[in-house]
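Protein sequences, first through last, are from chains A, B, C, D, E and F. If you use our numbering, the first sequence corresponds to residues 1 to 247, in order. If you use our numbering, the second sequence corresponds to residues 1 to 247, in order. If you use our numbering, the third sequence corresponds to residues 1 to 247, in order. If you use our numbering, the fourth sequence corresponds to residues 1 to 247, in order. If you use our numbering, the fifth sequence corresponds to residues 1 to 247, in order. If you use our numbering, the sixth sequence corresponds to residues 1 to 247, in order.
To be clear, the hints were calculated from the coordinates, so they are not data collected in a lab. Don't take every hint at face value.
If several chains are the same, the list does not tell them apart, and a pair holds so long as it fits within one copy or across any two.
[Stated by the list, open to error] Straight-line alpha carbon distances no greater than 27 Å define the calculated DSS-like cross-link-like pairs of lysine-lysine that follow: (1) Lys185 with Lys49; (2) Lys185 with Lys54; (3) Lys185 with Lys150; (4) Lys49 with Lys150; (5) Lys54 with Lys150.
The chain contents come next:
Number of protein chains: 6
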Amino acid sequence: MQLSLATWRDVEQYLVTSRGIIIPVGATEQHGPNGLIGTDHLDAEFIAKGVGDKIGAMVAPTLAYGMSQHHLGFAGSVTLRPSTMIAMVADIVRSLARHGFERFFFINGHAGNIGTMTAAFDEIYASLSLQPNGHPSPIRCRMLMWSDEKRASSIAEELYPGVNGAHATAAEVSLSQFYHPETVKPVEMSPEVAPPFAPFYDCVDFRTRYPDGRIGSAPSRSRPEHGERLFAAAVEDMVEAYQAFMA
Amino acid sequence: MQLSLATWRDVEQYLVTSRGIIIPVGATEQHGPNGLIGTDHLDAEFIAKGVGDKIGAMVAPTLAYGMSQHHLGFAGSVTLRPSTMIAMVADIVRSLARHGFERFFFINGHAGNIGTMTAAFDEIYASLSLQPNGHPSPIRCRMLMWSDEKRASSIAEELYPGVNGAHATAAEVSLSQFYHPETVKPVEMSPEVAPPFAPFYDCVDFRTRYPDGRIGSAPSRSRPEHGERLFAAAVEDMVEAYQAFMA
Amino acid sequence: MQLSLATWRDVEQYLVTSRGIIIPVGATEQHGPNGLIGTDHLDAEFIAKGVGDKIGAMVAPTLAYGMSQHHLGFAGSVTLRPSTMIAMVADIVRSLARHGFERFFFINGHAGNIGTMTAAFDEIYASLSLQPNGHPSPIRCRMLMWSDEKRASSIAEELYPGVNGAHATAAEVSLSQFYHPETVKPVEMSPEVAPPFAPFYDCVDFRTRYPDGRIGSAPSRSRPEHGERLFAAAVEDMVEAYQAFMA
Amino acid sequence: MQLSLATWRDVEQYLVTSRGIIIPVGATEQHGPNGLIGTDHLDAEFIAKGVGDKIGAMVAPTLAYGMSQHHLGFAGSVTLRPSTMIAMVADIVRSLARHGFERFFFINGHAGNIGTMTAAFDEIYASLSLQPNGHPSPIRCRMLMWSDEKRASSIAEELYPGVNGAHATAAEVSLSQFYHPETVKPVEMSPEVAPPFAPFYDCVDFRTRYPDGRIGSAPSRSRPEHGERLFAAAVEDMVEAYQAFMA
Amino acid sequence: MQLSLATWRDVEQYLVTSRGIIIPVGATEQHGPNGLIGTDHLDAEFIAKGVGDKIGAMVAPTLAYGMSQHHLGFAGSVTLRPSTMIAMVADIVRSLARHGFERFFFINGHAGNIGTMTAAFDEIYASLSLQPNGHPSPIRCRMLMWSDEKRASSIAEELYPGVNGAHATAAEVSLSQFYHPETVKPVEMSPEVAPPFAPFYDCVDFRTRYPDGRIGSAPSRSRPEHGERLFAAAVEDMVEAYQAFMA
Amino acid sequence: MQLSLATWRDVEQYLVTSRGIIIPVGATEQHGPNGLIGTDHLDAEFIAKGVGDKIGAMVAPTLAYGMSQHHLGFAGSVTLRPSTMIAMVADIVRSLARHGFERFFFINGHAGNIGTMTAAFDEIYASLSLQPNGHPSPIRCRMLMWSDEKRASSIAEELYPGVNGAHATAAEVSLSQFYHPETVKPVEMSPEVAPPFAPFYDCVDFRTRYPDGRIGSAPSRSRPEHGERLFAAAVEDMVEAYQAFMA
């Protein structure tokens, strides 16, 4: 069930049987020569809906903008400052908690969000933990990369052994090719495999290290049919994790 | 062209010929007994894509969450605090401005955003106006309700004379029925036309005044085919306004 | 009764019979060749005191600084950033609410404040609406332009048909000439009627469009005796609106 | 010259010969049984205008609300949080600095503002000092209590030896009686001299220590004619200090 | 007892008999040609531990960074903006208050912190005072300069008559020489006594006025054995003040 | 070289040959029945000084307070909210960058800081990346847990195979026993090995899961002589990482 497509009475009904909600979170940032700028939020949303469809979990609207400061050297990339993203996530969680939601499961499509999202959760918990009375709060947040759990990551390794990479990965591009096949375009990349991950700093630095935007990846190997396999695997991974979280 | 579906090179190409971008903004909030919680952002997005398709303008990912504090008395509604939304909009505009975007055209689906969005624009301009040097900045923001311009509003008046209403309007519900016909459900509403608009305050107050969430509207009259007409009209309205803004 | 001229015991006494308070809000910004920089806050204050005198309502000290970023291209103009003004208004309302005030009636002299003030009210309400328990709060805020209601606006239209304008209006300048006749100075303006309202952005942009600071107005026609009529009319408008708000 | 009563061209003219501006700052807070809630800002404003009249210095609109958290136990008191007041002062100074003002002379009527105003100045300076380039900035802020310099304080000591006090002082009440004689009312106070100053904390604590709001003072001895002498003395003190600041 | 060297069970035990805690606060900023950059926080910490050792009071970890914007013209100086320091102090006090601490005694080594620390306390109290219910809170904060009370200041006056100064004082340098004798280095200073205190503004201005960083002081006269006497005196001063605060 | 023990001229000298600085960061939080509340910041500081001593790197004062919201259920624990810690770290880095420092190497003693510190770095970079001009900035931040690199972690595994744990680890307690042997106390723990790591939320939740504060650890096995070995190993690890960072 998508929150966007429900009425408030549907939500009341849902809350009778479940206190959990899935929130896709991604980014709007360059993904190399053939990757879509929306890859991170589109992928997360697509998988979240897959999970929701499979087990009837509520899926909230996607957080399409994330922490992408390092990509601002490439046209079209957008960042939220961490302090902004923390405030945004806290408002959303607090709003939903008012209605009785208690378990907030974020399916994340962008590793660059991890620090900020962790800080956002701690900002929420800190406001609870600093309450003098110390009553227990039911609010619990969890975040997972859809691509990092066992099924999806082992398929990625099988498909692109050693070169799935760290940004504009072949796997995430394949997934977007699966649900948006019309966007597939053959792009020559040189070198085929981008330079490996190394620490980077601001966006000027990033672009110097990774001139076409990719890190360690070879997304010219991406294929829609890979995306289909990855989708099925990631949905299974996320269903398992969500159910464990709700238990 | 959707920013989400473009590569960074596509965006560079686009910027050669245009400095404008369309950003749909809405809300995630109750829309009465038969309106979708996502109505405001889905409608804005649908029309923005219509505009983008028609004239080749770039459309950014939708701001799906807005200022909806007054709806928090109904399950599923989410608000950003105005201060959060101001920070979020400022970050997005500043990010895009870095790449050379200059005209930010927000297609808004939620009247409750107007104060906060206006404040956000002024927050952005203030940071420019407070610069000691006073160099002119190219950043220009504009926001319009898709439903308020001449074509769409006159069709709404024709279809629901005197009772289109102020929230959960028959028009906005019809539009969502057009692109999501599977969500149409016949709902008995009593009274058929909700109590008229009057000032409201916090969310407890709002629910007391409007027990099923509607203001002054009769969305049991909504029809997908109305939505189709409204869509065509609103796209024309927005195309006209966007082109005037870019001139 | 002016809050500034009362003792705390007077205020306790007042609260026995009324929970309402009037707060004038304006700006400190250029008002064209013959308008005073304080026009917006002086006008709002003068009318608020008129209302207070007439019906015994409490009048708080004036918010003399407002959201005026677009005027910073003219010497003497001062702006609060929207985020600052939101915090300021919230602190004032919360302080007064602690004593038992419940209805906050802002008489506004500056249209440029509307977005930010609306956002400020929603920031206050949001902090209430996000409370888990959802108890009803008595806090209610209302804001009106003194110049926009029926009596004052129809006199302005009668006196300056079609050319009262949008900034440095003949009406607001007349009002300040009424209570500060010593500031009247004949100033040649060219053109007599300033260019009409059109959207503007930051302060450099504003000054380019409106080189002497006026928008669509002809304040060389302002007269103290016009101000006298406008004052009487605006006080009546505001008394009516305040009483409706308190009902 | 009052900024509120000037046009922007007057301000431009003023800046040709002076870069200084006087900003009265006070509070809206209880002042005991016979002191006005506006005492602190009205006194500061009255003296600032006296200084402006005497030497032709520009006087900005008064900051009528200050840091008064400790007085919130008494009806009518209003506080800005320190963080809010810091933002407000910074915005005002930065706005005026844009026009060429360089010396900001705050005449303060409320000792409770001192910490926060000092922090505000340092917030402004810090934003300059953290600039990488380290160019010298012309912004200089100074704040003085009108009542603490030699002439005014020695008259207060002469008039109320040992009992002028620390809040709701006989001197500040006398000053307000001078310019608002209609507000004088004989009030019996018991004890005649309020308990002496001792550290206090939040507003509940304050009221326990000082049940009628006064600290160490005997404002039943205040007289309008005392206010007249204090006014003359304080204006001379402030003129001297302002001229030294401008030198 | 040092909080850092205690276990949580030790703290529980401590709270059975006392609700007080000592928090040293200083700065990381230049202290002239022979003064240590850590002088302010090291001195405050050393004295706080002395107090703690003598009377068994709990001593929290030192706030080593303070409000030092004016020193940023000298290498190694670090500032927190006032708004940052306010947030930091508020978080620490609120955390400790949760456990039952009620009296927060800050031993301060840096006069430049006074405004900001005062604002921080008022920020904490304001959040309490703005609570609608007005329950009394046990939180009480106090701050004293270790060098300003009677014993330590009279020794400083005896040792460096008229030239102890206002920054990089002979006394504070002597104290650091006492506990870090290995850092003593003979430095020629010219003039021997630095220019006297006068108001300063941002860090470029400060360095112009005080080219080697000292204000009004002659720290070439500092000696470890002076530091020993100052230490004993300051500990006694602080013990007395702490005990009065706890009474 | 410790920044606290240097003069500003020493720092100027240092900057001639190096642009790097080491900043220890930890927390003030419970560490189980025998671990010190200061463990995280004392350990980080001790190792940082070890590194500084060995290779002549500058070591800044320790950030003794960190993100510890989950520990607030145990007496003596203190948290900074993530938003506060982000502001604090940004101010410190920006201050030091003004003097010419370019490489900021944080030696971290508390895994709970990782999200917030990452967000802090991105907040700093974002302010650079959002600059319109896009000049490269020399600011580079790096953070490592002293306990996670190869030498120290393999010794911990050797000493406490499978039971070093995730909080109040045997290794971190051993290290503090090495430099503070006087704090060693034999404490019976039951169970000897604490419950294993599982996700936790606010501080009430944490205490329920981990009643004596430990996660997965057996710090009754800690020994000062273990600490000595860990110290040597961690210093070597950090020296290697720092030198790679500076290269």
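**Request:** Return the numbers of the hints above that this structure violates; sort them in rising order.
**Result:** Hint 3 contradicted; others consistent.
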